[in-house]
Amino acid sequence: MARAARLSAARRGAPRRLVSVFPPPQVVDDLILANHILSNEGVLDAFGHVSARHPATTDRFLISQSRAPELVESADLQLLDLRGARVAGADGRSYEEAAIHAAVYRVRPDVGAVVHSHAPSVIPFGVTGVPLRPIYHMGSVIGHEIPVWDIAKLFGETDLLVRDATQADSLAAALGPRTVALMRGHGCVVVGANLRAAVFTAVYLERNATLLAAALRLGEARSLSAGETQRASEMLRGRAGERAWEYWVRRLPHRA
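Numbering-wise, numbering that gives the first Met the number 0 puts 227 at position 228 of the sequence shown, and it's gapless, one number per residue.
Calculated directly from the structure, the hints in this document are not laboratory data.
Because the structure is a prediction, the values reported are computed rather than measured.
Cβ coordinates follow ideal geometry from the N, Cα and C atoms, glycine included.
Warning: the hint list may mix true and false statements.
Said to hold, decoys possible - Here are the in silico distance ranges between beta carbons for each label pair:
1) Arg183 <-> Gly226: 25 to 33 Å
2) His117 <-> Phe154: 36 to 44 Å
3) Pro252 <-> Arg105: 31 to 39 Å
4) Arg216 <-> Gly155: 33 to 41 Å
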């Protein structure tokens, strides 16, 4: 009851003129929670971002203005088009890399949510040549093979941020039909059919990377086969994701 009241109050903080163009309240609530969960679970810190496609107006997506994910509130949300331009919402500066989200949504109609993180456990697999593979059943959601996108190959020496549509399109092409792509020296992009699925994958990407690094210190690590990856990921869809989401929400400091 208290949770519902807090979320309702948070939504009331947004300008009333946005209600008609913003996604339904459930999407707004889930996006705020996704920011907080990913921060609390160590996937995001002061940086990184998560977005949700508008379920009715599919050429629009919802994302926070540039702010640390743990601090995101409804008044921070912006509705952007698939060029990354602001349509409605908070008038603060957008994330520098909002282009990543726009590019993925342009080419992946099956994607309803995008996470961009700099999870520390994932970074080494983008710079060492050691492939990041699923090694346990919960890690199956990351997919059997994960590409590494290197911005330098096409764009030379940069600050490694994906700042424009050309760079973002290149990253989206590297992602292809997959769920995860690593970004050399930077982080990763994770996608899902909806926010809860994307958050689930982002969390277990980080956990799988941590376990794989530990396994490699002991010796050769055996990854899941393609068949095991497929079967385990199918098993985890649906109820497992909802169970995890409920748990992560309860773990939030202000939800205790």
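Verification of the supplied hints:
1. Arg183 <-> Gly226: 25 to 33 Å: holds (29 Å)
2. His117 <-> Phe154: 36 to 44 Å: Violated, since His117 and Phe154 (Cβ atoms, about 19 Å apart) do not stay within the stated range.
3. Pro252 <-> Arg105: 31 to 39 Å: Since Pro252 and Arg105 have Cβ atoms about 36 Å apart, the given range 31 to 39 Å holds.
4. Arg216 <-> Gly155: 33 to 41 Å: Distance hint for Arg216, Gly155 holds at roughly 35 Å.
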